[in-house]
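Protein chains in written order, with the numbering used here: chain Y, -16 to 94; chain S, 1117 to 1232.
Do not rely on the hints blindly, as some may be mistaken.
To be verified - One side of the interface only, derived from the structure: several residues of chain Y facing chain S at Cβ under 10 Å: (1) Tyr18; (2) Leu28; (3) Lys51; (4) Pro76.
Just so you know, these hints were derived from the structure itself, not from any lab.
For each residue, glycine too, the CB sits at the ideal point set by N, CA and C.
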Amino acid sequence: GEDVEQSLFLSVREGDSSVINCTYTDSSSTYLYWYKQEPGAGLQLLTYIFSNMDMKQDQRLTVLLNKKDKHLSLRIADTQTGDSAIYFCAETPRSQGNLIFGKGTKLSVKP
Amino acid sequence: DSGVTQTPKHLITATGQRVTLRCSPRSGDLSVYWYQQSLDQGLQFLIQYYNGEERAKGNILERFSAQQFPDLHSELNLSSLELGDSALYFCASSVTPDRANTGELFFGEGSRLTVL
């Protein structure tokens, strides 16, 4: 079935790197996504990776994709207090337009 | 601001009641998605409409229904409400039914429903 798994909490110190991991189930997903939800707000697309890529870097963000293990990770370098939020991993079910989200990882950044 | 508007932002009602949540998608977006976010279930896909037609269905209860109108706004109707229906309900929109290219969904800020 469709199930995207993520750890629920991560706590880091300001300036450290954060790594949020995710496992997904649908190998046909063309894109895999990371969305960010700040307190009291809706979700916002943070970054995405095309399924034929292994890595994508975008400023402080690095996405790694291991298709064999269906594992996706998001690395945030030099984590700041403003990065405190819930991060959702999402996949695309076969032939559907909707996204399937994990339960989200709450990132807490301590000063 | 994502451009997706949801009303009301907060709603408190009693068990057994019926409520309607409204969503206006981004200008030009034809596809609307509804999601339910609760603490224990995370973000659950409910239903998708494209240009007025139902496109995909997720974990939507029979007590819930939705529609998309000719002006592309959408409404989610929740009836015979139970305590467990208390959640944040998000609407999202995209241009195409299959989210071509980057596949981005644009989310509203949500409607928080509390059932007492």
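- If you take the shortest Cβ to Cβ gap from Leu28/Y to chain S, is it below 10 Å? 5 Å, holds
- Hint validity - Tyr18/Y Cβ closer than 10 Å to any chain S Cβ: Holds: closest Cβ of chain S sits about 8 Å from Tyr18/Y, inside 10 Å.
- Under the criterion of a CB-CB separation shorter than 10 Å, is Pro76/Y in contact with chain S as hinted? Hint on Pro76/Y: holds, closest Cβ of chain S at ~8 Å, below 10 Å.
- Does the CB of Lys51/Y sit less than 10 Å away from some CB of chain S? 22 Å, violated
Of the hints listed earlier, the one the structure fails to meet is number 3.
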